[in-house]
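As given, the protein sequences belong to chains A, B, C, D, E, F, G and H, one line each in that order. So the first sequence is residues 1 to 233, counted in full-length UniProt numbering. So the second sequence is residues 1 to 233, counted in full-length UniProt numbering. So the third sequence is residues 1 to 233, counted in full-length UniProt numbering. So the fourth sequence is residues 1 to 233, counted in full-length UniProt numbering. So the fifth sequence is residues 1 to 233, counted in full-length UniProt numbering. So the sixth sequence is residues 1 to 233, counted in full-length UniProt numbering. So the seventh sequence is residues 1 to 233, counted in full-length UniProt numbering. So the eighth sequence is residues 1 to 233, counted in full-length UniProt numbering.
Don't read these hints as lab results, they were simulated from the structure. Be aware that one or more of the hints could be misleading.
To be verified - Below, a list of computed lysine to any residue pairs in the SDA-like style, where the Cα atoms sit at most 20 Å apart:
no., chain 1, residue 1, chain 2, residue 2
1, E, Lys135, C, His130
2, A, Lys135, B, His130
3, D, Lys135, G, Pro80
4, E, Lys135, E, Val121
5, H, Lys135, H, Gly89
6, E, Lys135, B, Gln6
7, F, Lys135, G, Gly13
8, E, Lys135, E, Ala81
9, D, Lys135, H, His130
8 protein chains.
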Amino acid sequence: MVDLDQVATLDLGREARRGYPEAVFCAGKSVDQLTAIAAEIGRVGQRTLFTRADPAQAAAVLAQLPDAHHDAEARLIAWPADPPAPSGGLIVVATAGTSDLPVAREALLTARHLGREAELVVDVGVAGLHRILAKLELLRRARVIVVVAGMDGALPSVVAGLVSAPVVAVPTSVGYGAAFEGLAALLTMLNACAPGVAVVNIDNGYGAGHLAAQIAAAVPAEPAATTRDPADG
Amino acid sequence: MVDLDQVATLDLGREARRGYPEAVFCAGKSVDQLTAIAAEIGRVGQRTLFTRADPAQAAAVLAQLPDAHHDAEARLIAWPADPPAPSGGLIVVATAGTSDLPVAREALLTARHLGREAELVVDVGVAGLHRILAKLELLRRARVIVVVAGMDGALPSVVAGLVSAPVVAVPTSVGYGAAFEGLAALLTMLNACAPGVAVVNIDNGYGAGHLAAQIAAAVPAEPAATTRDPADG
Amino acid sequence: MVDLDQVATLDLGREARRGYPEAVFCAGKSVDQLTAIAAEIGRVGQRTLFTRADPAQAAAVLAQLPDAHHDAEARLIAWPADPPAPSGGLIVVATAGTSDLPVAREALLTARHLGREAELVVDVGVAGLHRILAKLELLRRARVIVVVAGMDGALPSVVAGLVSAPVVAVPTSVGYGAAFEGLAALLTMLNACAPGVAVVNIDNGYGAGHLAAQIAAAVPAEPAATTRDPADG
Amino acid sequence: MVDLDQVATLDLGREARRGYPEAVFCAGKSVDQLTAIAAEIGRVGQRTLFTRADPAQAAAVLAQLPDAHHDAEARLIAWPADPPAPSGGLIVVATAGTSDLPVAREALLTARHLGREAELVVDVGVAGLHRILAKLELLRRARVIVVVAGMDGALPSVVAGLVSAPVVAVPTSVGYGAAFEGLAALLTMLNACAPGVAVVNIDNGYGAGHLAAQIAAAVPAEPAATTRDPADG
Amino acid sequence: MVDLDQVATLDLGREARRGYPEAVFCAGKSVDQLTAIAAEIGRVGQRTLFTRADPAQAAAVLAQLPDAHHDAEARLIAWPADPPAPSGGLIVVATAGTSDLPVAREALLTARHLGREAELVVDVGVAGLHRILAKLELLRRARVIVVVAGMDGALPSVVAGLVSAPVVAVPTSVGYGAAFEGLAALLTMLNACAPGVAVVNIDNGYGAGHLAAQIAAAVPAEPAATTRDPADG
Amino acid sequence: MVDLDQVATLDLGREARRGYPEAVFCAGKSVDQLTAIAAEIGRVGQRTLFTRADPAQAAAVLAQLPDAHHDAEARLIAWPADPPAPSGGLIVVATAGTSDLPVAREALLTARHLGREAELVVDVGVAGLHRILAKLELLRRARVIVVVAGMDGALPSVVAGLVSAPVVAVPTSVGYGAAFEGLAALLTMLNACAPGVAVVNIDNGYGAGHLAAQIAAAVPAEPAATTRDPADG
Amino acid sequence: MVDLDQVATLDLGREARRGYPEAVFCAGKSVDQLTAIAAEIGRVGQRTLFTRADPAQAAAVLAQLPDAHHDAEARLIAWPADPPAPSGGLIVVATAGTSDLPVAREALLTARHLGREAELVVDVGVAGLHRILAKLELLRRARVIVVVAGMDGALPSVVAGLVSAPVVAVPTSVGYGAAFEGLAALLTMLNACAPGVAVVNIDNGYGAGHLAAQIAAAVPAEPAATTRDPADG
Amino acid sequence: MVDLDQVATLDLGREARRGYPEAVFCAGKSVDQLTAIAAEIGRVGQRTLFTRADPAQAAAVLAQLPDAHHDAEARLIAWPADPPAPSGGLIVVATAGTSDLPVAREALLTARHLGREAELVVDVGVAGLHRILAKLELLRRARVIVVVAGMDGALPSVVAGLVSAPVVAVPTSVGYGAAFEGLAALLTMLNACAPGVAVVNIDNGYGAGHLAAQIAAAVPAEPAATTRDPADG
């Protein structure tokens, strides 16, 4: 097994400092590296999400943390498997199309594992406007709405114009040609003509779920009273 | 006065060949060049639009064609001043915001001077969705709808999803930052999740009005029976 | 089988609202998702096109709709297999090169399945100008011309300058290097020096065929007199 | 005076529907158009912000609404002049440099006029890390932190890693060369290695202040019980 | 006067080494710097072109070299004023539109001052194809054709497909929106579907004229038998 | 076998019209299409180059034209196999690095099959300047020099500054990161500080060889006295 | 006068922490802000450079620090006016052209005011290679060479290939068209085929001079033994 | 075996001229080409690094140079296997994340094989600021620090602000979406708000290690007194 010190510096103080658990970005990490990291996490017993895990990476993590929950579509592994009891406001995750589902599920599960209640609404893009209008009552109950859309990325503008809650907009790489792997949707969202749209990176379901969980927190999670973080001086 | 042969090759056969009159793109042309061109157009008596004319350029054209119609906001000069009697279907030009008006008026006037009935709907962007929904009856009477929008450029997708007519989408350079001078709106429109969206260049009100006039023609304008066009062989 | 409600919100009112049938964009959808969608479409008996279907996706759709028509080159599945009787004006689809054929066929078949007569002209790019000039008579009979071109994307400008009908320009990703996956052709078409060019997304044969069908409609397809569309208020 | 119906469709139902007042984006609007809009707003007595007002535009608005508050650095006009009594959590607005101040002030004033308590921290960029670390206690009291930065745009990543509250990141066009008018900072923020960063458009202080106000709302502003919004069906 | 050694290292060996005279790129040089450079050129009596000279820069050069030829439209100053007697093949310079004339004239004059016969053809863009076809006989007499075009930049592809001579393609910044200051035309030309197209920088009339002069040289200009160029070893 | 009329319009008049033979761009063509095209070329006996042929495509062509010459590294097939007797001036093809060889060989072979003498110089990039300086005598004997370079693309500027002949610059996709698949080298070459650089598309060895052959022609190839080309009028 | 605390947080510990003095980036700062900053700097007596000062900004600074040195071409103000006695190795600053001089002088003066000996070599671009080769002896005496170039940006590759010292490459915005305001030169330098090239931002003469001073330091400047920097923990 | 003269011009004078050994960039070279190159290097006994070698390329090199050192993660082969005895100052290589390790190791090993002492610090990105602050003492002992980071690329700005040594910043392609294969990190680093940051190409660990070795040289490596380099004149 590789020596953990040679490959990673786990941020074990993160939950204390920020109020939310560590996450391990699996893309670009070798199976050996993930094995060492997962073993250490199991050893210290720290709540952790593993994101963007391909099948081989997921297998390596699950070998060390066999009781973790793995959602293959979302490429997410949560350990421990059960999310904490929900607190704070409701999060609604809505997708423009079916192809946006993997990213939407990553957001949904992240929000739940960070302690929020979260619901999913699927395939309500603006080409058939009645679909999102039919969900207005649910949308207006949410403390924050995550809107996931590729291609023209127009749905967040429309949703933000209908509600008082903030919208977290996630552009996806769904589309082709001048969608430029999600760039078109990203620019649309950054230029939303309705205020109240918070944009995250293309396909960044994890970041959207995390941000939504922070926004919907009943009161902001307090960092632990005592912390070893040297940055605190 | 400059020698016309040294600066331009007027396409006097265009109306015969294409069914629509010549247009002179003023940007980048000197006052002397426009004077020579306008004088020749007056001499041969050919219906012409002058587009993107700044005040000095407009003055030069009007000096030669004093009975022309000049719309300063649209930067357009039409000669003769009166449009032909309308034929074909109705064209509706809709804007997302007030700042899109110069481009929208260029489209509106072009369509009228090419022989179509055209109506204007202003400031009905998706941030307040009820505004465009309130115009549905008018939109559904149109043979083609020109939608002019900057920033997120989301309005054409929404309109196209509500009607059977084709939509001509005109991105504008309205916005700032990641609007990138209209690029964001352009990409949005090219990726419209509703089919039936025809995109033209950023701020190209003239092109949109021309295209709409062709689409709404009762029957396509026939080229004249006899033509000197050497390309016809 | 996956639960359809969890993966898609079919727009069954689209033909009533817009006058043209639903289309299912297959890219990014799983075989399980497409199976559920195709089964539902078969159940409700709604005319549908499936676009951008790779072989595995096509097999899943055909398993549910065995009497559908599948064109592998165009990656298109039409159900029912036979297009409706044609109405409206003639559509001509012209390609600059042989490599543009898959996109051109997608446009051609879409136009036919949306109820138009459509003809194909192949490999008439501007490097040998006599090839397109030899087709002038056919081009001038069309109500709308779809021009499909990669690389320099110059053909739509040339065609638009020769006819009175509008041109739907489809840039393709054919080319290499500074073609930038179709961006060069896209920009060329957006800047066509001849007016009357309607641009759609790179490789978007479906969108081009749909737009052409709308333009060539005898009279615009009327939405059904009674509709359940909640957006109509 | 221009006819208001010809230039704008005011969204008078916005405060009822969304819980926050209307805003008028002044860029691209003529003095005549702004005069008509401001007069109407004064007539109906609706709380409004005017954003991105250059001096001539500001003068036109103030001529109609002489008791409005004008902040020239932020290019913002608020009417009525006094913000509502603050509710909800604290917003801290922090800038990386002095040149980011106009955008930061636009965010600060927007948040206050939307009913939040907001404080400003200036010139605490990462080149001298001790400056932001010295503000940790204040930052940790905030319900949401707006971080305004140009050039490398690195400050939001650093701040987000130190607190539990969400960070609204505003890239600015401060910089030169490969800053590409704010694009570099925008990309940095979209790729923040710390989760919890909500990105808005380049130089979009208004949007950041609005989003922060929504996040820091005690409970989400409720839309009025009865509303005329046709989109509600 | 500034010390020449502090601002420039004139390449007095260039005509000996390359067979073509020195050129001074004026953009970005101060009037003082150009004064020093022009004075030195007059002193050593070396044939020189000054390119991209704005009026103040031109005045500074002409003050030192009063018998030079200045073409304001082309922003070019040639000293001595008279071109050498022409040798080699014919160069034809053709423009797509009137607005391309400044760049075309820069190419035309450069070619003449480098010793070639050169003729100008104006405003023969592809929107009216008969215009370029009417010039076929002249084009086929040329040893090389310089084609200057903005917007869609389609003319070089068409010309190259009609002749055996090479085409030097010069994209111009004529256009707007998605012309992206000449980028669209540049990409079109780089992707010309007809081989035989040599592309130079946007608006680079000087470079095009120089390249054409080299191509049309009767035999390549020989470097002087003896040369002091240290690079020759 | 597919029907040739359905997939291609061979330009059999090209050699008569342009003086150089037809070329078939294989990328994007199916094996069936290439089989039909190659069979027709064999039937009419027209000299042809097949470019960018992958192994399966090459096999299909060779099955129809078994006596053709295939250079796998250059992905080029020439039929007939032997180039014509050389005429005109010498062409030198120089590469910056070893990885540029496939593109360089495509240029070299194209030039030879179009009737020119051509020599290859390998791996003489500017990082070791003595390598190109050692070849000065050969370079100065050339009528035109093709310079093939990736990464920084600096070699054409250096070569053009040393000789009187024109330089055809071919950027390659060799490199990584900010080479952006050849974009960096392309921009370098378009901005060459030495005049006399003709740029072609990234990796376009064929186009470079063709252009060089035209430049080095003893006298331009004359189109046949009688031609059926309808474009001639 | 504005309150300094409201506009800036001076990094008075920077010289202690980093060994090099504070610099004030003037672009985007108001005259009032610069007045307050300059006054404070004069009060605490801290060595400071003011960069990118336009004439009005320079006047404001000089009003507070009348004994400062102002170089208008470099837009730089140094206070105190005299650089410290030089230590460390020699820095050579070389420019490709005359138009690169403002950036080169900013680098030269920065290096001198940070305590290094620095010499300037002007207009030695690769179009006339003998010019840089004539300076080889000087270049080889340098501890580090700053190479300033626009357009093709090829000079750093050539220089780096000739010496053992590192090269700091500064792309400039000199050029036009596809130079894209320095992007072309920037990419060239990032892809330099010779190793040993350190790239800084476009037109960043200050950064280049600072970096060169650090590289040429005899031994790295030591931070003061005692420091109040809270980041040190 | 291929003829070496046909594929490469080894720069055997490089160590004499520049003071650092030759490197062979393996990407894009065939196994046959690498075999010929490695054989020649073994024959002349010249110290060489092979960079970016995939497994098949590495095997080919090792077959000729079986006693070489191969680091698969860094894709680097060093021959001879042992680095020279270290001289000069300490180099510290720090990574923001675990996924940056392959690039970091390429830099580390390059620096060592060029004769420097080098240490590695892993996974100290700014999301957990205490991690880099914990390494301050080591960082301040370094003569130069190589910082390797993807995603937001913020670490070099932070490090440069804490030390007096120059920082070599290496953007990596780690990330997704708007990371644009390392472009985001590259732009961040070019715009670092702290001076003293030297940027190299994306993923260019070799270049970073080489540059760092030059900076940390005790005194610059002297070229051999006598050299055959013709560029020296």
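- request: Please name the hints from earlier in the document that this structure breaks, with their numbers sorted from lowest to highest.
  value: Structure breaks hints 3, 7 and 8.
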